[in-house]
Amino acid sequence: MTQFGKGCHLHLIDGSAFIFRAFHALPPLTRKSDGMPVGAVQGFCDMLRRYLDHDHGNDAPTHIAVIFDKGSHTFRNDLYDQYKANREEMPEDLRPQIPLTRRATEAFNIACKEIEGFEADDIIATLSCQAREAGGRVTIVSSDKDLMQLVGDGVEMFDAMKNRRIDREGVEEKFGVSPDKVVDVQALAGDSVDNVPGAPGIGIKTAALLINEWGSLEELLENAEQIKQPKRRQTLIEKREQIELSKRLVQLDCETPLEFTLDDLEVRDPDPETLLGFLSEMEFRSLSKRVAETLGREAPVIPDTTPEGANPPEDDAPDAPPIDPEAYEQVSDMAALERWIEKARDRGWVAVDTETTGLNEMACGLVGISLCIEAGEACYIPLAHRAAATDDLFGSDDLAEGQIDMDKALEALKPLFEDPAVMKIGQNMKYDAKIFARYGIEIAPIDDTMLMSYAMNAGLHGHGMDTLSERYLSHTPIPIKSLLGSGKSQITFDRVPVADAVKYAAEDADITLRLWQLFKPQLHRAHVTRVYEGLERPLVPVLAQMEMAGIKVDRDVLSRMSGAFNQKMAQLEEEIHELAGESFNVGSPKQLGEILFDKMGLEGGKKGKTGAYATGADVLEDLATEHDLPARVLDWRQISKLKSTYTDALQEHINKETGRVHTSYLIAGANTGRLASTDPNLQNIPVRSEEGRRIREAFVAPEGKTLVSLDYSQIELRILAHMAEIDALKQAFRDGQDIHAMTASEMFNVPMDEMTPEVRRQAKAINFGVIYGISGFGLARNLRIPRSEAQGFIDRYFERFPGIKAYMDETTAFAKEHKRVETLFGRVIHTPEIAAKGPRAGFAKRAAINAPIQGTAADIIRRAMIRMPEAIESLPATMLLQVHDELLFEVEAGAEDSLIDAARKVMEAAAEPVVKLDVPLVVDAGQGANWAAAH
DNA sequence: GCTATCACG
DNA sequence: GACGTACGTGATAGCC
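To get my numbering, take the position in the first sequence, counting from 1, and add 12.
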């Protein structure tokens with residue numbers, strides 16, 4: 013044992029910097045056997061190995077340690093609550109890897125040090141000071157400029173990336189002052205990364221100039237009055253306090269209380285068994301081979317070897333026992349629950365599923381929770397099952413035996429569900445997250461097998477658990493109907509006998525875990541990791557919040573409208589019956605068809621495949637020019653629709669407790685990446701007709717608040733202009749021109765100032781037609797013109813904008829070759845039907861043309877929504893609804909303009925930085941007491 | 001449970 | 001030469 017002193021050389025590795033560099037520099041990697049993300053761990057180990065093997069010459073370490081941060085709150089947060097406040101959240105795939113890097117360090121037999129509530133930098137500073145005082149030398153392995161103040165008197169830094177030592181000269185090069193003056197410069201210049209304010213308008217260059225002129229920050233501030241430049245003088249005088257605070261923030265603490273000494277850090281050889289054991293547990297094949305070579309050992313055999321670089325097999329299913337519902341455990345006491353929680357913590361992940369009394373997360377009760385950690389080993393924790401009925405039909409209100417008290421169970425589970433180091437895996441996690449939120453648990457981090465499937469398989473099949481289980485695990489889960497029954501005699505889950513519930517519920521968690529282990533490594537290979545992690549998963553908490561917020565709906569407004577509609581319908585019905593000469597059900601297309609075409613003998617009756625006459629709006633509109641009856645039916649239908657679907661149904665959806673309507677968004681509902689809204693659908697509230705639009709008056713802001721709506725202007729056409737690279741369109745958007753008028757002008761050679769509304773209308777129809785995969789027939793029907801004329805328009809359009817034709821051809825060719833198309837953000841939409849013959853081919857082709865455009869627009873608003881909570885954090889505003897290209901907010905009166913500024917900024921910049929669009933994104937805003945006024 | 005119809009982007 | 005079409009959704013009513 014060597015006493016640390018002269019001749020000793022301490023190397024201090026900045027562990028966090030190593031991890032982040034490893035995480036960001038390397039592609040995501042998951043452990044093959046179970047899907048655990050381990051890319052950063054591998055990178056970390058490799059960097060450690062390379063550092064130890066590196067020939068350090070005269071600078072070889074006699075003592076070494078890896079220093080980590082611990083805890084997010086330090087004394088600097090007490091000095092300044094905004095310190096490091098702009099730090100991005102740690103990526104969710106990185107969190108579970110942090111404890112593994114600690115284990116890796118220990119496996120290399122290197123001292124691994126951290127102290128709760130202290131930054132690694134302060135520990136490094138303290139150790140450096142101690143080592144220097146003892147007469148030894150120090151190498152700090154980091155390129156972090158915050159550590160540069162420590163350089164000098166035997167302390168140097170080493171940039172492992174550039175393989176370069178940083179000494180006094182290196183620091184002076186960077187800061188323009190000697191190391192002991194670095195904090196003074198930093199105090200003035202501030203640091204945007206750590207959110208240190210500094211002096212506004214003064215950067216490193218100016219700061220160095222000032223410090224060198226006055227000798228120190230204190231001298232400078234004392235003599236600030238004498239500064240010649242007025243702006244600079246004013247800043248230094250006015251911001252003095254802020255500058256002094258900044259100095260305290262950047263000054264490292266050499267007095268950190270340590271529970272170890274320098275002697276504890278002496279270099280030790282690794283124990284080959286431990287190190288190789290760890291590496292093979294992580295399944296790092298090439299790394300363990302390399303390390304084994306250095307150690308002169310046999311490389312450990314890692315089962316299920318896939319040669320690196322070779323194509324992995326199609327089937328990734330880890331060897332797992334068959335699914336056996338009899339094998340699941342019922343958790344009936346706290347001791348058993350604690351065991352499961354402990355196991356989940358050890359493992360770093362757990363599949364979770366909740367059972368409830370209904371499907372409405374806002375109004376149902378929690379009945380039980382199932383967990384699964386290893387395939388085949390799952391449990392169910394019954395919490396609110398009712399005791400079996402003894403005599404009556406309605407069952408008992410008493411709780412069944414053998415259940416843990418719900419509050420106690422949730423109290424025990426909360427730390428696990430909120431533990432950043434434990435991944436919570438679910439199928440449709442938004443549902444479970446909303447349930448837990450009602451019980452005060454913010455579940456995170458999460459993975460969602462439904463969303464993984466959606467990212468990889470959109471267009472191929474659905475993403476419900478039953479579909480996925482049958483498709484990927486060849487297993488049909490126990491149908492919920494077998495427990496609940498169906499129809500009138502259907503019971504709620506709390507009435508299901510606990511023993512049956514265990515099998516069903518635990519099986520769901522088991523299946524979810526197995527799907528996760530299968531999907532996780534596939535994401536990267538399918539090149540959709542970024543889509544999943546950036547566009548699907550982060551939307552879960554955002555949508556959960558929006559759905560829970562709901563929107564206030566005025567029942568009286570709806571009720572009055574329903575009454576008025578009722579009267580109007582009765583009146584129309586009477587007129588229709590009179591015109592028909594008999595009484596019939598106006599709402600029955602079959603009966604209506606017979607009246608119109610058989611009894612009245614009108615022309616143009618066409619029977620569809622079911623043998624019934626078509627009576628759609630387009631048919632009736634044609635007939636309406638000659639007869640009153642079809643015109644009245646059209647009126648009747650419009651009102652009937654508004655009443656049944658909106659003014660009546662919406663009232664049923666007003667939540668008793670909140671007085672608001674809470675929709676539910678399907679993240680994986682639409683193939684293109686769009687959301688879908690259900691129960692109720694708030695994405696199709698009428699707006700186009702005057703009468704329909706009045707329904708929006710029932711969507712209101714509460715007293716003292718305002719509804720604010722922001723919507724993207726022409727987003728799909730802008731995306732088309734960018735993707736198809738149409739210069740004329742791009743320029744028109746940049747110039748803020750009327751795009752439909754401009755199209756008309758180009759096509760029909762009409763000068764812009766002579767444009768008629770009719771010509772513009774036709775050009776608009778063509779522009780939209782292009783987005784949908786235009787056809788002569790479709791355009792003809794839409795514009796009600798002969799097909800030949802429509803085809804003429806299209807021909808002229810393609811002649812004028814050959815790029816559009818080229819884009820459409822290229823997209824179809826791509827789809828044919830790859831059986832998929834992609835958005836600008838890498839979202840994949842599969843198009844298996846593209847190879848079909850017959851009419852289906854036409855459908856598939858148009859869908860393939862539309863999907864990248866619609867999907868890119870969907871990606872953009874998703875990005876905006878994901879960034880929105882942080883952007884409006886400081887405002888008294890809530891995001892309530894999304895309607896494809898519109899976001900609706902509720903905001904306290906007075907803050908409307910601040911909200912519009914903040915939200916517009918996020919929306920207009922939502923494509924960046926991944927995609928730089930050639931056209932600007934423009935967002936229009938409106939506000940008012942109700943949705944009609946805000947739109 | 002399927003089909004027709006119609007509300008939205 | 002015929003096929004039969006605008007893209008993406010969800011809710012409701014009628015009907016079998």
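Careful, some of the hints might be misleading.
Said to hold, decoys possible - Using C-beta positions, here's what the derived DEER-type ranges look like:
1. Glu230 / Asn175: 30 to 40 Å
2. Leu371 / Lys828: 32 to 42 Å
3. Asp739 / Glu305: 55 to 65 Å
4. Ser84 / Glu669: 30 to 40 Å
5. Asp419 / Glu702: 20 to 30 Å
6. Pro769 / Gly370: 25 to 35 Å
7. Gly370 / Glu770: 22 to 32 Å
8. Arg700 / Gly748: 46 to 56 Å
9. Leu270 / His85: 52 to 62 Å
10. Glu770 / Arg700: 35 to 45 Å
11. Pro881 / Asp739: 51 to 61 Å
What the hints assert, rightly or not - Listed next, the in silico BS3-like pairs over lysine-lysine satisfying Cα-Cα at most 27 Å (straight line):
12. Lys928 / Lys917
13. Lys742 / Lys817
14. Lys217 / Lys174
15. Lys186 / Lys174
16. Lys82 / Lys217
17. Lys817 / Lys917
18. Lys668 / Lys618
19. Lys217 / Lys186
20. Lys426 / Lys515
21. Lys621 / Lys653
22. Lys602 / Lys618
These are calculated hints, taken from the structure and not from any lab test. A virtual CB, placed ideally from N, CA and C, is assigned to each residue, including glycine.
Okay, the hints, checked on the actual structure:
For Glu230 and Asn175, the hinted distance range of 30 to 40 Å is satisfied, since their beta carbons lie about 38 Å from each other. Here the CB-CB span from Leu371 to Lys828 is close to 40 Å, well matched to the stated 32 to 42 Å. Between Asp739 and Glu305, the C-beta spacing of about 58 Å keeps the proposed range 55 to 65 Å intact. Roughly 35 Å separates the CB atoms of Ser84 and Glu669, a value that falls within the hinted 30 to 40 Å.
Checked against the hint of 20 to 30 Å, the C-beta distance between Asp419 and Glu702 comes to roughly 53 Å, which is inconsistent with it. Taken as a hint, the range 25 to 35 Å is violated for the pair Pro769 and Gly370, whose Cβ atoms sit roughly 51 Å apart. In this structure the hint that Gly370 and Glu770 lie 22 to 32 Å apart at CB is violated, the actual value being about 53 Å. The given range of 46 to 56 Å is broken by Arg700 and Gly748, whose C-beta atoms sit roughly 25 Å from each other.
Taking 52 to 62 Å as the suggested C-beta distance range, the pair Leu270 and His85 does not conform, at roughly 19 Å. Hint check: Glu770 to Arg700, Cβ distance near 19 Å, so the stated range 35 to 45 Å is violated. At about 38 Å, the beta-carbon gap between Pro881 and Asp739 misses the expected band of 51 to 61 Å. Annotation: proposed proximity of Lys928 to Lys917 holds, straight-line Cα distance about 15 Å (limit 27 Å).
A threshold of 27 Å between alpha carbons decides the hint, and for Lys742 with Lys817 the separation of about 16 Å falls inside it, so the pair holds. At roughly 24 Å between alpha-carbon atoms, Lys217 and Lys174 fall within 27 Å of each other, so this suggested pair holds. Restraint check for Lys186 and Lys174: the C-alpha separation of about 15 Å stays at or below 27 Å, so the hint holds. Between Lys82 and Lys217 the CA atoms are separated by roughly 33 Å; this puts the pair beyond 27 Å, and the hint is violated.
Proximity of Lys817 to Lys917 is assessed by CA-CA distance (about 34 Å); at most 27 Å being required, the pair is judged violated. Between Lys668 and Lys618, the direct Cα distance comes to roughly 47 Å. Violation of the 27 Å bound is thereby established for this hinted pair. The suggested pairing of Lys217 with Lys186 holds, with an alpha-carbon distance near 10 Å, which does not exceed 27 Å. At most 27 Å may separate the alpha-carbon atoms for a hinted pair to count; Lys426 and Lys515 meet this at roughly 24 Å.
Simply put, Lys621 and Lys653 have alpha-carbon atoms about 25 Å apart, close enough for the 27 Å limit, and the pair holds. A hinted pair counts as satisfied when its Cα atoms are at most 27 Å apart, and Lys602 with Lys618 qualifies at roughly 12 Å.
In this structure, the hints that do not hold are numbers 5, 6, 7, 8, 9, 10, 11, 16, 17, 18, in rising order.
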